[in-house]
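Asks: Residues per chain, in single letters:
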Amino acid sequence: MTLLHWAILSPFIMALFVPFFYKKFRQVHTGWFVLILPIVLFIYFFQFISETMNGVSTIESAPWIPSLGINFTAYIDGLGLLFALLITGIGSLVILYSIYYLSKEKEAIHNFYVYLLMFMGAMLGVVLSDNVIVLYTFWELTSLSSFLLIGYWYHREKSRYGAQKSMLITVFGGLSMLAGFILLSIMTNTFSVREMIGQVATLPEHSLFIPAMLLILLGAFTKSAQFPFHIWLPDAMEAPTPVSAYLHSATMVKAGIYLVARLSPIFAGSSEWFWIVSTFGIVTLFWGSFTAVKQTDLKSILAFSTVSQLGMIMALLGLGSAALHYDHLDKNIYLAATVAAVFHLINHATFKGSLFMVVGIVDHETGTRDIRKLGGLMTIMPITFTLAIIGTFSMAGLPPFNGFLSKEMFFTGVINAATLDIFNMQTWGALFPVIAWVASVFTFIYSMIIVFKTFTGKYQPEKLDVKPHEAPIGMLISPIILASLVIVFGFFPNILSGSIIEPAMAAIQPMLLGDNGSYHVHIYHWHGFNIELFMTLGVIAVGTFMIIFLVKWSKLYDLFPKRLTLNNLYDGGLVAMERSTYKLNKFYMTGFIRDYLVMIFAFMIIVLANTLVAKDAFTFTTANSAPIGVYEVILTLVMITATITILFAKSRLTAIISLGVVGYSMSLFFVLFRAPDLALTQLIVETVSVALFLLCFYHLPELDIKKKPLRFKLPNLIISLGVGTIVTLLALSANGTKLFDSISSYFVEASYKEAGGKNMVNVILVDFRGLDTLFEITVLGIAALGIFAMIRLRLTRGREG
Amino acid sequence: MEILMSIMVGILFTAATYLMLSKSLLRIIVGTGLLSHGAHLLLLTMGGLKTGAAPLLGEKAAAYTDPLPQALILTAIVISFGVTSFFLVLAYRSYQELGTDNMDNLRGTDRHE
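Residue numbers (our numbering), protein chains in the order written: chain A, 1 to 801; chain B, 1001 to 1113.
Rather than coming from a laboratory, the hints here were simulated on the basis of the structure. Values in this document were obtained by computation on a predicted structure and should not be read as measured data. No residue lacks a Cβ here, since even glycine has one placed at the ideal position from N, Cα and C. Among the hints, a few may not be true.
Computed cross-link-like contacts, EDC-like style, restricted to lysine to aspartate or glutamate with a CA-CA straight-line distance of at most 16 Å [unchecked claim]:
#, chain 1, residue 1, chain 2, residue 2
1, B, Lys1023, A, Asp595
2, A, Lys373, A, Asp465
3, A, Lys463, A, Asp370
4, A, Lys758, B, Glu1059
5, B, Lys1060, A, Asp370
Reference listing, derived: stretches of chain A covered by chain B, where coverage requires no fewer than 3 residues with Cβ under 8 Å from a Cβ of chain B [as the list claims (entries may be wrong)]:
#, segment
6, 1–14
7, 117–127
8, 595–608
9, 676–689
10, 724–738
11, 744–752
12, 774–783
Please construct the entire structure, taking both the sequences and the accompanying hints into account.
Replies: Structure representation (structure tokens):
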């Protein structure tokens, strides 16, 4: 365990002390204690930049389960560091914001910070683990802590619903990801991602390659809210706003992006990866932006916007993988997509984080997030308005903010996709820029809706519960810092290119490193009058036009049938699953003992008969048989008669006496087959049994009166005939195949010499196999005690005792 | 002889199964009784029939019947007796308490959750 390990685990350790701080220092907001940790961690991780810039990665391993090859290997390279900085950096800002957002008097803030720290540690573990099993462990911890945070206000039904939904979907994905990891480790014989990447040359031929890829992608898509698994994210907006800002915009939803980027060196060489990742990404991009426009709740708009932007990053990662197929290394245009993905990842975290905080402020100060109630807040909340302008303009891709740069690079990426001629892309590739452009128009529209519907227009104080005013300065610090980053990265993008983006690129596409072992990324503001610029101008023009006539065309959304939404599919699916399992259980769990017995017997018949046929096991031979004597035949006839009498007996007395006849015949059989001890025992036992039967049933007077006629049932007969036939066939087959002689010659020789007894059966019972007898005595003892207790203990008869 | 006994065992099993599938608790217990008879007879048959004298060394016979299955059956008889008597008293008590020996009336319902 090195300092790096402790750094990853420190949030968990800190979480242990949170309740203590909460209880001991009631007058101080617990968040202040918590805030120290992510700041320290951010500074700690910041130091690694100088190493990763020079292509040096840090590996520290600590044994966890060494015998299984599972070790807690922490690994810092460009990609891991980028995420670690996002997690700790935005984590600090979110905690600072939450101190002002959550009241220490009204809320259970100790729970909040325990969950949040748990999430932070889990997320650090995900991005800094080299071992896939450890990665999976932390991955599930993020699902769990996210579940707890979404359900933070657990008394609200919608919170519980959202928490359950996100839990079901992300855990479903997490489990399939685990399966994918296991397949990968079977292929490569290691759990280490670095060692897997080392074996990439032989992997694509493996038959498990595609299943592993699909399973892992399922995990990544569910976590990163890709279409059609995005439905949990809008419902997760029931969480407190700091949580939405942190988990559901900046960090957790990017875990899937991280996974795709991290495993790109393994999978990106195959065309399936390219197709699946870029298609799902672009569809998510379009669907998210399209759906965001019709939302009326600010957080819902932001949720769908997050879905859409995540789709964009995912599509860029997919498109970037095309670079592996084209080897014009000197001027690889497809690499631009990966650069755009990494750059937009950072940009999105900054502007989306600040936008969520802005929305949180609006909610906090006005009491509503409904855009139909809001308006005209510009003069009342000028700082918030400025922050919103910066965030939304960056999101819409307008200059001079950082979103503009990444949007331009995104357009470059999709235009290049249109020119791809690998995988027969000439026709379909042309769709990429078209869909991307349309999606950008919708992005522009909803971005403008957020800022202008909230802050301009008519001020409607009568619809608001509280009188709005500017937020306290503490609440504004975090969004101000994020918004400044938006501007800084917008004006000086190249401070990121060398320090962060190039090392991250080296992790995502290590095969395409140049001669000096690094990429040269330079982000230009001005590309000249190229096609991307005209696309952006087109977005602004068409977007503005569409906003003006929004009321006219937004009826388009009503055309979609309500019943056919994905949420309905999910809800209906859950209900149908519950109902069908209930019906299935109802179908076979009837509560009638008879039905269960029929099932058991039928199963026994089917299995045994099948085995007999399939193994060709039935043999019939008379070679091992003893001759049939006349006494045995007579006795057999008696026994059969008695048995049939039981079946047809109308009176219970007849049945009991016939059972006695069968028992006595048994003891006569024992006589004939030379088993004197058995004959004796059987005689006594049968006598006592018959007496017991009579005691229990003959002496119950009510039973004598109502003698019901026996009802003949054909299915019962078929089942019982089947059981009887199977037993006979098995007996005959077993008799026909004697594999080896009995061991009883030993008993014959040894029972007098070794044990000093002449009655072999008794010697076996008390000497050779005395243990059986001991426990048989125990059985009798327990039965006797049980009977006694059953008769004497009457606790249910009203009066106890 | 073994073949005849195998058929006999089959008949006992058939009858026992048929009785166990019926509604009356008494008939089910009679069925279990028949089933244990069938199982004991099967044990004896599979050990081989009539291969020699009774397993008493005083007989001084050349060959003896296999003593091991007999010991096993003896154990089984005693255990099935114990279980049967417990079961009988249970049935008796359940009749006393619940007033029925019809298995259909002794059915659990969904209401008891």
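Asks: Does each hint hold? Answer for all of them.
Replies: Right, here's what the structure says about each hint:
1. The suggested pairing of Lys1023 of chain B with Asp595 of chain A holds, with an alpha-carbon distance near 11 Å, which does not exceed 16 Å.
2. Distance hint between Lys373 of chain A and Asp465 of chain A is fulfilled; the C-alpha atoms sit about 11 Å from each other, no more than 16 Å.
3. With a C-alpha separation of about 10 Å, the suggested pair Lys463 of chain A and Asp370 of chain A falls inside the 16 Å cut-off, and the hint holds.
4. For the suggested pair Lys758 of chain A and Glu1059 of chain B, the alpha carbons sit about 9 Å apart, so the restraint of at most 16 Å is met.
5. With a C-alpha separation of about 104 Å, the suggested pairing of Lys1060 of chain B with Asp370 of chain A is violated against the 16 Å cut-off.
6. Chain B is given as covering the segment 1–14 of chain A, and this is violated because 0 residues of the stretch bring a CB closer than 8 Å to a CB of that chain, at least three being needed.
7. Given as covered by chain B, the segment 117–127 of chain A fails the check, having 0 residues with a CB less than 8 Å from a CB of that chain where 3 are the minimum.
8. For the segment 595–608 of chain A, the proposed coverage by chain B is satisfied: 3 residues have a C-beta within less than 8 Å of a C-beta in that chain, meeting the threshold of three.
9. Remark: the segment 676–689 of chain A is confirmed as covered by chain B, as 8 of its residues place a Cβ nearer than 8 Å to a Cβ of that chain, reaching the required three.
10. Residue count for the segment 724–738 of chain A with a Cβ under 8 Å from a Cβ of chain B: 8. That meets the three needed, and the coverage hint holds.
11. Note: the segment 744–752 of chain A has 5 residues with beta-carbon separation from chain B under 8 Å; the three-residue rule is met and the coverage holds.
12. Interface restraint, the segment 774–783 of chain A with chain B: holds (5 residues with C-beta to C-beta distance below 8 Å; minimum three).
Checked against the numbered hints above, the structure violates hints 5, 6, 7; every other hint is satisfied.
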